[in-house]
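2 protein chains.
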Amino acid sequence: MSQSVKALAANTKGDFASFNQTVIQRRNLRPDDVAIDIKYCGICHSDVSMVQWQGAHFPMVPGHEISGLVSAVGSNVTNFKPGDRVGVGCFVNSCGKCAACKAGQEQFCEHGVVVVFDSEDDDGTITQGGYSQAIVVKDHFVLHIPDELALQDAAPLLCAGITTYNPLKRFNVGKNSHVAIIGLGGLGHIAVQFAAKMGAQVTVLGHSESKRNEAQQFGATDYQILKSPADFQALAGHFDFILNTVAADMDLNSYLPLVKSNGVFCYVGIPSNDIHFNLFSIFGNQAKVTASNVGGIQMTQAMLDFAAKNDIKPQIEMIGIDDVPQAYQNILDSKVHYRYVIDMSTLK
Amino acid sequence: MSQSVKALAANTKGDFASFNQTVIQRRNLRPDDVAIDIKYCGICHSDVSMVQWQGAHFPMVPGHEISGLVSAVGSNVTNFKPGDRVGVGCFVNSCGKCAACKAGQEQFCEHGVVVVFDSEDDDGTITQGGYSQAIVVKDHFVLHIPDELALQDAAPLLCAGITTYNPLKRFNVGKNSHVAIIGLGGLGHIAVQFAAKMGAQVTVLGHSESKRNEAQQFGATDYQILKSPADFQALAGHFDFILNTVAADMDLNSYLPLVKSNGVFCYVGIPSNDIHFNLFSIFGNQAKVTASNVGGIQMTQAMLDFAAKNDIKPQIEMIGIDDVPQAYQNILDSKVHYRYVIDMSTLK
Numbered sequence: 001m002s003q004s005v006k007a008l009a010a011n012t013k014g015d016f017a018s019f020n021q022t023v024i025q026r027r028n029l030r031p032d033d034v035a036i037d038i039k040y041c042g043i044c045h046s047d048v049s050m051v052q053w054q055g056a057h058f059p060m061v062p063g064h065e066i067s068g069l070v071s072a073v074g075s076n077v078t079n080f081k082p083g084d085r086v087g088v089g090c091f092v093n094s095c096g097k098c099a100a101c102k103a104g105q106e107q108f109c110e111h112g113v114v115v116v117f118d119s120e121d122d123d124g125t126i127t128q129g130g131y132s133q134a135i136v137v138k139d140h141f142v143l144h145i146p147d148e149l150a151l152q153d154a155a156p157l158l159c160a161g162i163t164t165y166n167p168l169k170r171f172n173v174g175k176n177s178h179v180a181i182i183g184l185g186g187l188g189h190i191a192v193q194f195a196a197k198m199g200a201q202v203t204v205l206g207h208s209e210s211k212r213n214e215a216q217q218f219g220a221t222d223y224q225i226l227k228s229p230a231d232f233q234a235l236a237g238h239f240d241f242i243l244n245t246v247a248a249d250m251d252l253n254s255y256l257p258l259v260k261s262n263g264v265f266c267y268v269g270i271p272s273n274d275i276h277f278n279l280f281s282i283f284g285n286q287a288k289v290t291a292s293n294v295g296g297i298q299m300t301q302a303m304l305d306f307a308a309k310n311d312i313k314p315q316i317e318m319i320g321i322d323d324v325p326q327a328y329q330n331i332l333d334s335k336v337h338y339r340y341v342i343d344m345s346t347l348k
Numbered sequence: 001m002s003q004s005v006k007a008l009a010a011n012t013k014g015d016f017a018s019f020n021q022t023v024i025q026r027r028n029l030r031p032d033d034v035a036i037d038i039k040y041c042g043i044c045h046s047d048v049s050m051v052q053w054q055g056a057h058f059p060m061v062p063g064h065e066i067s068g069l070v071s072a073v074g075s076n077v078t079n080f081k082p083g084d085r086v087g088v089g090c091f092v093n094s095c096g097k098c099a100a101c102k103a104g105q106e107q108f109c110e111h112g113v114v115v116v117f118d119s120e121d122d123d124g125t126i127t128q129g130g131y132s133q134a135i136v137v138k139d140h141f142v143l144h145i146p147d148e149l150a151l152q153d154a155a156p157l158l159c160a161g162i163t164t165y166n167p168l169k170r171f172n173v174g175k176n177s178h179v180a181i182i183g184l185g186g187l188g189h190i191a192v193q194f195a196a197k198m199g200a201q202v203t204v205l206g207h208s209e210s211k212r213n214e215a216q217q218f219g220a221t222d223y224q225i226l227k228s229p230a231d232f233q234a235l236a237g238h239f240d241f242i243l244n245t246v247a248a249d250m251d252l253n254s255y256l257p258l259v260k261s262n263g264v265f266c267y268v269g270i271p272s273n274d275i276h277f278n279l280f281s282i283f284g285n286q287a288k289v290t291a292s293n294v295g296g297i298q299m300t301q302a303m304l305d306f307a308a309k310n311d312i313k314p315q316i317e318m319i320g321i322d323d324v325p326q327a328y329q330n331i332l333d334s335k336v337h338y339r340y341v342i343d344m345s346t347l348k
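Residue numbers (our numbering), protein chains in the order written: chain A, 1 to 348; chain B, 1 to 348.
Isolated chain A (complex conformation) (with noise of 0.2 Å):
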């Protein structure tokens, strides 16, 4: 029991040629399940990174990025109707039972987590995801977009939003914070304003002159470009927290003498390689060193609320279902300007 849909599928691993428009499966709806008529999906990353992955399933849907209106909702569901404006992130079931599904933290179920594509969901399907028509998700996995928040803006909140968002409400960043942004991409333009809005001092340390006043129009009240011993020296001990979303390899014994006593210095991009330090580099500052992994249901929810009251959004760059295979090149090649949004109406 199954309705047909329309969607984008990459077809073989590494090969964004090999996307083609094709047709999928969703389940019919159970009765905790709603029926989401998808307008928008950002593309991400770790969407490119999943389709050059190995252990990937083909064909593969992807998209976690999804933004678009209630068509129907099962017998049980309560907090939805049709009509509605909603989205969806990253994952789409887990146990609901473990500790860390009781804490919020879905994205750490014990049971394992499943994502919103090339994931096995409980009824051993593969799940697809949001490069297509409709999709069809359990309730406690959809986030309501609050009417400030145009559907368009708020695809990309439902990764990179929370991506960011996650880590700065995790370590207490407020009035009289002082936080550094390591780049100003995809997620770092969101995290200067998260942070922003949320009272702190934000410093962005870039690499390119271009940007020093689009850092300034996002509310970063700093900008530097790091180069020589001295540079760093002037900045020993300044951040409470430093977010980097930077996947790419950095001298981390530069790096961690920036955070003060106590501080924090996270992680949101992933190097493919090893991340190595000297202890000596946090020995003086006791600096913690970690990574965040999105966030759960319930803080995405006050995310997009905090977003909409904020007047915070992405700078997206729209695009047609055609245009995804060069967008992924462009994403590569570190061309994207902050943020690529399909608009799905053009899959035909």
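Hints may contain errors.
No copy is singled out in the list; a pair is fine if it fits within one copy or between any two copies.
[As the list claims (entries may be wrong)] Straight-line Cα separation of at most 35 Å, DSBU-like style, residue types lysine-lysine; simulated pairs: (1) Lys97 to Lys227; (2) Lys227 to Lys102; (3) Lys313 to Lys13; (4) Lys169 to Lys197; (5) Lys97 to Lys169; (6) Lys211 to Lys39; (7) Lys175 to Lys102; (8) Lys102 to Lys169; (9) Lys102 to Lys197; (10) Lys211 to Lys313; (11) Lys227 to Lys313; (12) Lys348 to Lys6; (13) Lys227 to Lys335; (14) Lys175 to Lys309.
What the hints contain is simulated information worked out from the structure, not anything from laboratory work. Note that the structure is predicted; figures quoted are calculated from it, not measured.
Once you've looked at the hints, dock chain B against the given chain A.
The following block gives chain B in isolation, referenced to the frame of chain A:
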């Protein structure tokens, strides 16, 4: 204006045979000074490292685990009187005015903490440590040793004790905590006692079957020798807090997944090589990797009081002053059975 006291000094970098008995100067009492007759001084691995350090000043009197009796106090000192049982640990001066000092974290003084030996004090002299008959220290940096603690047992607590107590407190180890201590040496055997008396379930991760019984005597509820991937898998996500007391290189990609969601992996032993790990090792648990650096004066006093109240003491091997060169070599060769303490009455 100064007083001559006997001491043991190292005269040549890296040459333990260069230790000889000599006479050094201690300053006359300032109004806020405490003069101490040293009874015992522990030997810490970092003493050995300092004698080997390229940047050290010679002759050098090491020693930062000092216990003894007050012999005299300056005119403004109200907290100590002659005859009091006291200790001195890693540092003897700081600015007292910066944010770190005001927060009771003198070790992070923004103007540079003055350590007990081989450090420039505010009068321009180079400090000399505890392998001597007497020392003069500003009252703020002198600790009370509770009556329940023998002076020789208190000595190693001034460094090894606070080094392990501070991170356990900083990360809120207590009842219901699952703690792992890696290594059962000079630091580890004290850490196990603290964690157990704080109410935690303590697992020692050791290398040798021979230490299993001792681990249990110190209060560990479990002892594990991890070798195979299956050994690590069996403890995945098990620990709120892992304290690594071993300075040797280790495979962090195996150890970090043992941490529970949002838990901590903390170094107190400092490897000379960079540490390295893949961020995917902490992407599933958001573990924080950090280091801990002794602890402030207020917490050091709390540590001594906690040790006294809970009958916590180091396992020590008492030696005479002439045994120091051999003790240094034994420490390098990992032949010390927990901790050496020098009986300072052997200094002639």
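Here is what the structure says about each hint:
Proximity of Lys97 and Lys227 under a CA criterion of 35 Å is satisfied inter-copy only: 32 Å between copies versus 49 Å inside one chain copy. Proximity of Lys227 to Lys102 under the C-alpha cut-off of 35 Å is restricted to the inter-copy arrangement: shortest distance 33 Å between copies versus 45 Å within a copy. Taking CA atoms no more than 35 Å apart as the test, Lys313 paired with Lys13 passes inside one copy only; the shortest distance there is 32 Å, against 60 Å between copies. In the homo-oligomer, the alpha carbons of Lys169 and Lys197 lie at most 35 Å apart both inside one protomer (12 Å) and across protomers (33 Å), since each shortest distance falls under that limit.
With identical chains, the CA atoms of Lys97 and Lys169 are at most 35 Å apart both within one copy (24 Å) and between copies (31 Å). For the identical chains of this complex, Lys211 and Lys39 are intra-copy neighbours only, at 31 Å inside a copy versus 63 Å across copies, given an alpha-carbon limit of 35 Å. Proximity of Lys175 to Lys102 under the C-alpha cut-off of 35 Å is found in both arrangements, the shortest distances being 30 Å within a copy and 21 Å between copies. Taking the shortest Cα distances, Lys102 and Lys169 sit within 35 Å of each other both inside one copy (19 Å) and across copies (27 Å).
Taking identical chains as interchangeable, the C-alpha atoms of Lys102 and Lys197 lie at most 35 Å apart whether they share a chain (29 Å) or sit on different chains (30 Å). For the identical chains of this complex, Lys211 and Lys313 are intra-copy neighbours only, at 18 Å inside a copy versus 58 Å across copies, given an alpha-carbon limit of 35 Å. Proximity of Lys227 and Lys313 under a CA criterion of 35 Å is satisfied intra-copy only: 31 Å inside one chain copy versus 49 Å between copies. With identical chains, the CA atoms of Lys348 and Lys6 are at most 35 Å apart within one copy only, with a shortest distance of 8 Å there and 92 Å across copies.
In this assembly of identical chains, the alpha carbons of Lys227 and Lys335 lie at most 35 Å apart only when taken from the same copy (23 Å versus 46 Å across copies). In this assembly of identical chains, Lys175 and Lys309 lie within 35 Å of each other by CA distance solely inside one copy; the values are 17 Å within and 41 Å between copies.
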